[in-house]
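Visitor: Protein chains in written order, with our numbering: chain A, 35 to 310; chain B, 980 to 1576.
Hints may be right or wrong, so weigh each one.
Have a look at the derived ranges for each label pair, beta carbon to beta carbon [unchecked claim]: (1) A:219 <-> B:1414: 52 to 62 Å; (2) B:1416 <-> A:58: 27 to 37 Å; (3) B:1035 <-> A:47: 48 to 58 Å; (4) B:1414 <-> A:263: 33 to 43 Å.
These stretches of chain A come out as covered by chain B in the derived footprint (C-beta under 8 Å, 3 or more residues) [to be verified]: (5) 115-123; (6) 145-155; (7) 159-165; (8) 236-246.
Source of the hints: derived by calculation from the structure; they are not laboratory data.
Keep in mind the model is a prediction, meaning the values are calculated, not measured.
Yeah, the Cβ is synthetic: ideal placement off N, Cα and C, and Gly gets one too.
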Amino acid sequence: MIYSLDQITKSYPTRHGPVSSLNGLTFDVRPGERVALIGPSGAGKTTLFRLLNATLRPTSGALRFDGQDVGAMAGRELRAMRRRIGTIYQQHHLVPSLTALENALCGRLGYWSLLETIRNAVRRDQRETERAMAALEAVGLADKHQARADQLSGGQQQRLAVARVLMQDPGVILADEPFASLDPALTGAIASLLTGLASGGQRTLVVTLHDVELALRYFPRIVALRDGRVVFDQAPAEVSRGALDALYAGNSEPEEALGDKGEAKHESYRERSCAR
Amino acid sequence: MIRAKQSMNPTVNEAARVSDWREWRPSLNPLLRRIAAVFGLSAVLVLCWRAAEIRPSALFEASAAASVLHFLRSLFPPDLSPDFLRVVGAAIGRTLAMAIAGTTLSIVIGLPLGALATATLYRRGVLMAGERKGAGLLLLAGLSRAARALLGFLRAVPDLMWGLLFVVAVGLGSLAGALALAVSYCGVLGRVYADVFEDVDPRPLEALHATGATRAQVFLQAIWPQAAPGVVAYTLYSFECCVRAASVLGFIGAGGIGYEINLSMRLFEYGQVFTLIIAFVVLVAATDALSRSLRRRLRANAPLGSPAHLPLILGRGLRERLISTGWLTKGRIAVVAIAAVAVSFYASGFAGGALTDPELPRRVTRFIGAMFPPESDPSFLRSLVVPLFQTVGISVMGTLVGIGVGSVLSLPATSTLVFAEADAAGRRSLPSRLWRWAVYTAARLMLNALRSIPELIWVLVCILAVGLGPFAGTVAIGLHTGGVLGKLYAETLEEVPTQPVEALRASGASLFQILLWGMWPQARPMLASYTVLRWETNLRVSTILGLVGGGGLGQAIYNNVQLGFYPRVATLIAIVYLLVIATDWIGDRLRRRPAVA
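With the hints as extra help, turn the sequences into a complete structure.
Guide: Below, the structure is given as structure tokens:
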């Protein structure tokens, strides 16, 4: 098991008492699996992500990564584990004032010692730069390597975030809505890039998606969350229309999803108008 | 597939190239440029190093350590005898009165001058658009420009220099101090008022103008309501500055707490010095707290991005919170304020004594008359070359020392670096947490101590260690600046957007790597801008350090005032004015550089 979650809960303290985001989540992920997490907004997907990449600690329950208890780790050990997990954030989380190339290089930080970090600050390592250029090439951003991250369009930023994870070369890739700001053509390209990375059975891929059709098309395992619990955990063929309707029923999700899609459409419009 | 798509759209690349500012710079071999820049910079640094008479060895001499240690030891115990506490109380009262009277006068003078200097009212913009260019309008435009220049002049000459002049003109005492503050801060306030008036939304102005409103009506109905929050916020902030300045003005005979510190220092009564410094720090902290709560109660939050917003950033903690006003209504605040102002004017000697002296106007006019024509004797001018270079050298090297001290202290004072969030992954043992808390607190305390003690007091301490001269001034400016910049650096690093930082942390980056790759690139423009601003301030300070033996032009100014060579004083004021203008210009250029901003 690459991940094993046992009765994970997570609650945040607020002025009106603790608010729970995850309520006893239990599931496993095997190495090389491709998992899509779906569910209405507020189901706890983002919190789950931050637990999975070990930047957040569960309130209770055991989270094991590759057999090790994440809660017990600290310092160097924790960083070494984080290096093995690459995260693609929904808002990309790029460093706005660095160039695309530098942002891609950020993915290598976990590999560099203190000395190498200082050396790279003075004079950038040739091999690492070439590697970063190759990663940018793979996502089609090679000609943008000198552009600052905040000058890139949403879709380009999304691809840059993918390039950063390529640089990190992790065993597990977590991606939060990786297609939210891509037009259909790019969605296909990035989806096959990500699934291609995971296809050799070497890498595990965990993705959240609001677009159920995409989830069903590209991912052999669908885990549905609602109110911080697993509602179903099935192969796409087994997922019934009724189960999906129940999953999203009575939630503000339709609006939310519309909003997301509206944004995505706007973005793809921008991408296309650029292309002309 | 993606690549094919990219290469098919040349327009994207074209657009990027056009927006790239580098393309439009005069093409000079970049290597040559870099070499020239490095050479120029090192030449300036060497010159400044020499001018400021930097002697690092002096810091490590046994005698320096011994005298500083002796000084620190004799600070204890602070003198808390009832007699002396009464002296301290009176000094605080006098300083506060000076500050209040000075601020009030500076508002009274600064507001009309600021309105006159406002370009939208008299020179350009929507109100001028359709006007016929008559003689009256030209005259008004000329007056407006003159007002702006006058404000710039009043602001550029340091407050201590005004104090020195007023001490000669009206005699020793709080009156000279209050007048110096009034003149100096009316320059500061007038300029800011004009900027705030110019920054208001012009559409209402246009609308009112179109209905046939007069200029005064436009000002009262359209400009003032928009500008009022900014005006109030900046005025309160300038009051905080006035309290600090009033304390320091005592050093040159304006009475109050600075006078007492100077006196006790010269009498080697270090226990008294310690008490006075504590009193000073408490006074400044109390003023800051009062001003902050007033700003909050009056909801005087300047619009974001206006120049008046800057003090709000500096005076952090002022969150846009709407607090119920409670028993402290605007009316009651007004009553208290009026009473305080009246008492302050009385206590500063405006009511009787010097000011009602029939001799006074004649003395002042004779004093001003004696300054003209300014001295232009070549040998005198030549004698100013070395102090001039010293002044610049002190400001540059002092700022560099401050950058060093500030950077070192700011890292342990950055809460986001020292503490992780409570629920972040990674366990922290209790000793580790305690240790971190101790380091953080120590760094913050150190920064506060460095920052709250003014440069002039630091000069007196540094003179004990390294002797009279520009080096003492450099170290003094360095210590104070280190405190100011360290706090600003820490707060800037803390306020960097956290999302990229989180992404780096999630990819396994270490703290140092997060700082270097995540926080520094985001904070750099802000850090550079704060540093350049501070250098501009330091240049003003370094022109007056000589008053207490810190080198630079101040010594010459002090001597010539004491000896009554007023034409020379006029020349010196002109030089300081030009120097400050030049510095502000260079600072402006530095801050606007694309590489910085």
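Visitor: Given that the stretch 236-246 of chain A was listed as covered by chain B, double-check it with a C-beta distance under 8 Å for 3 or more residues.
Guide: Since 0 is below three, the answer is violated.
Visitor: Is the listed coverage of the stretch 115-123 of chain A by chain B valid when you require three or more residues with a beta carbon under 8 Å from a beta carbon of that chain?
Guide: The restraint on the stretch 115-123 of chain A holds, since 8 of its residues have a Cβ under 8 Å from chain B and three suffice.
Visitor: Tell me if the beta carbons of residue 1035 of chain B and residue 47 of chain A are separated by a distance inside 48 to 58 Å.
Guide: At 51 Å between Cβs, range holds.
Visitor: Quick check: the stretch 145-155 of chain A, covered by chain B? Criterion 3+ residues, Cβ under 8 Å.
Guide: It holds: at least three residues are needed, and the stretch 145-155 of chain A offers 4 whose Cβ sits within less than 8 Å of chain B.
Visitor: Is it true that the C-beta distance of residue 219 of chain A to residue 1414 of chain B lies inside 52 to 62 Å, as the hint says?
Guide: This hint holds: roughly 54 Å between Cβ atoms.
Visitor: Apply the coverage criterion to the stretch 159-165 of chain A and chain B: a residue qualifies when its Cβ sits closer than 8 Å to a Cβ of the chain, and three qualifying residues are needed.
Guide: violated (count 0)
Visitor: For the range 33 to 43 Å, tell me whether the beta carbons of residue 1414 of chain B and residue 263 of chain A fit it or not.
Guide: holds, 40 Å
Visitor: So does residue 1416 of chain B sit 27 to 37 Å from residue 58 of chain A, Cβ to Cβ?
Guide: holds, 34 Å
Hint compliance for this structure: hints 7, 8 are not met, and every other hint is.
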